[in-house]
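There are 2 protein chains.
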Amino acid sequence: MDLAEIVKSLQDFEGVSRKESIENITNKLKNVYNIAGDTLLDFGEDASAIDIGDGNIILFAADGIWGKLMDADPYWAGYCSILVNVNDIAAMGAKPIAMVNILSINNNDIANDLINGITDGCKKFNVPMVGGHFHPDTDYNALDVAIIGIAKKDKIITSFGAEINDKVIVAIDLDGRQHPKFKLNWDTTYLKDEKIVQDQIIAMKKIAEKNLVTGGKDISNPGTLGTLEMLLESSNVGAKVDLNKIPKNENVNWDDWLKSYPGAGFVLTAKEENVEELINLLKEVSIIASVVGEVINDKKLFLSDENSEIVLFDQEKNPVLKINKD
Amino acid sequence: MDLAEIVKSLQDFEGVSRKESIENITNKLKNVYNIAGDTLLDFGEDASAIDIGDGNIILFAADGIWGKLMDADPYWAGYCSILVNVNDIAAMGAKPIAMVNILSINNNDIANDLINGITDGCKKFNVPMVGGHFHPDTDYNALDVAIIGIAKKDKIITSFGAEINDKVIVAIDLDGRQHPKFKLNWDTTYLKDEKIVQDQIIAMKKIAEKNLVTGGKDISNPGTLGTLEMLLESSNVGAKVDLNKIPKNENVNWDDWLKSYPGAGFVLTAKEENVEELINLLKEVSIIASVVGEVINDKKLFLSDENSEIVLFDQEKNPVLKINKD
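Keeping their order, the protein sequence lines are chains C and G. If you count the first sequence from 1, position 143 lands on 143 in the working numbering, and the numbers rise without skipping. If you count the second sequence from 1, position 265 lands on 265 in the working numbering, and the numbers rise without skipping.
Chain C on its own, in the form it takes in the complex (with noise of 0.2 Å):
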């Protein structure tokens, strides 16, 4: 695939794409946002954060898992949704400290795989399932997990801060598998030891209160660089990226890489004097990162490589989050 063709696939990506019948949606909610004066965020982050006093926040998030991914293995969708909801508070440098979850389920055999899945989960990133609520008899199935985190006020990376002239950084632990069944899951936790996966947690943790990036998100469903793209659209900035430099598994090709939900993996930017740190940090627990680009004032992101240059989102055009923000 030469870039062309690969900028054309990602923008056809499903993954990107989803996010956008989110507008009418968000656009209604905005109104009950922050009735109560302690939300801390804006829209467009994976979790908000809920301001409770003494210097304290409360993250708040919840993850909804495919019904695809439920009907073709509900052992990894229960063990997934744990993954997603935990990278959720990661990204954004705060400790998770409990999950509930809704489980509408037809069919008992599933149930079982399920709650298997979830309680490996659990176990793996030692975040504890406290509670939720158990609809027996739905004509489908379905899981959703919402999740709690805590951190410090003024301690947590958010999708807001990317500025002009900032590095951009692609951080993922490369020593995954694609997992058997859905090839776009950079599986990188189910078969290393929990320590190690929780580790990863808690150096999210320290970059933030280290303060050692200017933005960061965990790669979800769009993949790296609609992820980034989402960042860049939150921080009201374009980016130049330069795809060669992003760190990738070598037995897996560009196209599938690009569209990968990794077990971890982050986009971050950063001041050009703490990169340093910030890899260093990271590849102390398997995440390599890699300066991928820079942060511009050109509300789009291009695309390179060693040939040509190609605007793979345009904000104006072809926005992956579609927020609007008035």
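Honestly, the hints are just simulated from the structure, not real lab data. Just so we're clear, the structure is a prediction, and the values are computed from it rather than from any experiment. All C-beta atoms in this analysis are idealised placements derived from N, C-alpha and C, irrespective of residue type, glycine included. All clues stand as given, with none of them false.
Reference listing, derived: stretches of chain G covered by chain C, where coverage requires no fewer than 3 residues with Cβ under 8 Å from a Cβ of chain C:
#, segment
1, 29-39
2, 59-67
3, 116-124
4, 127-134
5, 137-148
Given the coordinates of chain C, assemble chain G onto it according to the supplied hints.
What follows is chain G alone, placed relative to chain C:
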């Protein structure tokens, strides 16, 4: 209906029997309920409590909306998703601080009605909806909401503290209406000024802070006596209840009344010396509370009227919660 007919009807009530299949799920999830060591309460609460240090705890709960309600009236389903979650937190004497939602939608009209119900609910209770996740392409409609609240560590109302000889109190806002479409929704909030609705939540917080009750739970799908039975099971006790002492709106028949889900309704247990203050505090916010019986050692819920006494629930034979505590 005589007492025997009422008892039979309540024993067969879907709101009670639907709890049955929870057992299998909860037993497995118990393994990951407290893996990080900060989970304070046992299973059986509507919300779980996580110790965040400094004497503060975060309460965390989730509730899904029954598919039936969703299909029949999406606006009301959205509104109720807020009500039931807020009540889970309020019943424990905590301050609700934020919610997230997960929305699965196959139809845009339904989505709009739902969102309008959600935003109106948030405004009524003054609790923000700070985030969530949206599945735009499911083949079903579903709405799950999770909520967090905050309280002081030793100042929450739980289901575990009811003691033998405590008074059993039923507290319900009698100023309401059977919802036009759902007669078992005893709606006391929708037409009421938001000030009094929010004061009802604050009243429960005061009751918790003054240690006026030994146990408490908000009346939900299992109805007044089904909810009381859940509280009794969690506390490993039984109770004797006089039907005629239960506060009731005179326009509603007993069968509907006892199966209703009130907008503001609680079952409580308290020491005799605290009953008067408790009743007065609730009366100030339009909630009528009466002593309806007392807690006993025998693990049964006896219901009596002027003529007879019948066992409504027996924890050996027909419990509601069915949590395996071993």
